[in-house]
Amino acid sequence: MPNMQQLYVNERRAKILRGTDVELLPEDEYSFEVKVDTDVRSVHRALQRHLSVYRNEKRGPTMLAVQSPLAPSELSAVMPGAAEFPMVPVHARDSDNLYRVMEWQKVGAKAMVRHYLNVETILTTMLEQCRYFHVPIGNLPQDAVLFGADLFYARHLQKHSFLLWCSQSDRPDLGGKEADDNRLLAENDTSFAEVSNPGGYCSVCVELDIGGLAVSTVIQSQNLTELEGVSSNVAFDAGMAHISLDEMVSGGQSSSLASYDEMALSASAFRLLRSMVSGWLRDVSVYGNVFADFQLTQLFRWLKSPRALMYEPALKRILSNLMQKMFMQLLAEFE
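Residue numbering for the sequence shown follows the numbering used here, starting at 1 and increasing by one per position.
Bear in mind the hints are in silico, worked out from the structure with no lab data behind them.
On a predicted model such as this, the values are computed, not experimentally measured, just so you know.
Careful: at least some of the hints might be erroneous.
As the list claims (entries may be wrong) - The list that follows gives simulated cross-link-like pairs (lysine-lysine, DSSO-like), each with its CA atoms no further than 30 Å apart:
id : residue 1 : residue 2
1  : K106      : K159
2  : K304      : K159
3  : K58       : K35
4  : K325      : K304
5  : K106      : K15
Stated by the list, open to error - Distance windows between CB atoms, simulated:
id : residue 1 : residue 2 : range
6  : R274      : R307      : 20 to 26 Å
7  : R55       : R282      : 41 to 47 Å
8  : W104      : S203      : 58 to 64 Å
9  : V43       : E194      : 49 to 55 Å
10 : P61       : D28       : 21 to 27 Å
11 : E120      : L208      : 40 to 46 Å
12 : S76       : S278      : 38 to 44 Å
13 : K106      : K58       : 34 to 40 Å
Beta carbons: idealized from backbone N, C-alpha and C, even for Gly.
Start from the sequences, fold in the hints, and give me the full structure.
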């Protein structure tokens, strides 16, 4: 094993030289005790003893920042003493090949010290993101962007009396209807987003990489039909005013819609999606919020990801069709 105290001092000094704020780093006075155990249960017992001593000292509010492949519930099962503190998962992982070397002890010790030096920065970033999401810091999962999009969208839907279709599977929970709807398995071909005209040109050759097409399409979705010469009064979501749960139960306007009229059924949900994206865009343009920018850049990944709790293939198909129209309009402008 390397000299842990010297290793810690060197790694801390290196981070300061790279420009890391000293306030985001732990103190420089640390002593290390190296002990070798061959049974992981001995490690768990040792950690529990330290946690018990710390708890008895009554130092005030404390949380455990946990970087482990085990979930907090699994850690509480093997170390019951850890359950007496709120646990915040730190989602940072090393490569699986990190320890496939002869001197794996030195490699592991250096990785451990680096992770410890980064924990304050990670927790500060997580705390700011959780403030934007309005959730406890211990509830932030590994894929925070998908979680945030699910959270924001669910809040918009609940505010307008929608029943949520949250599902852990790759199909939305539509009250059993999803089991008979094979359209949920259909995927759109998105190859339309690439146009190449190879050849020999004697004047100018241009290569354009277009970004933010999904966000622009959502924001401009109302104008796309008018650009094609169709009034928004007869667009797919025309006349689809918000329908409350009471109206749906009493057989209101939505009962006249055929179950196969996918775009009309999803029109109100898509309008709320546009409202959510507009809110993110406002947070970026007015307040310079970096977390809202993360949400915007990952919008289409969230919509097409079956891992998202609010995954709805119908919304993804609507956006894909509108993106194709937007892309064709851009090509027409260039021509």
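Subject >> Non-conforming hints, listed in increasing numerical order >> reply: Violated: hint 1 alone.
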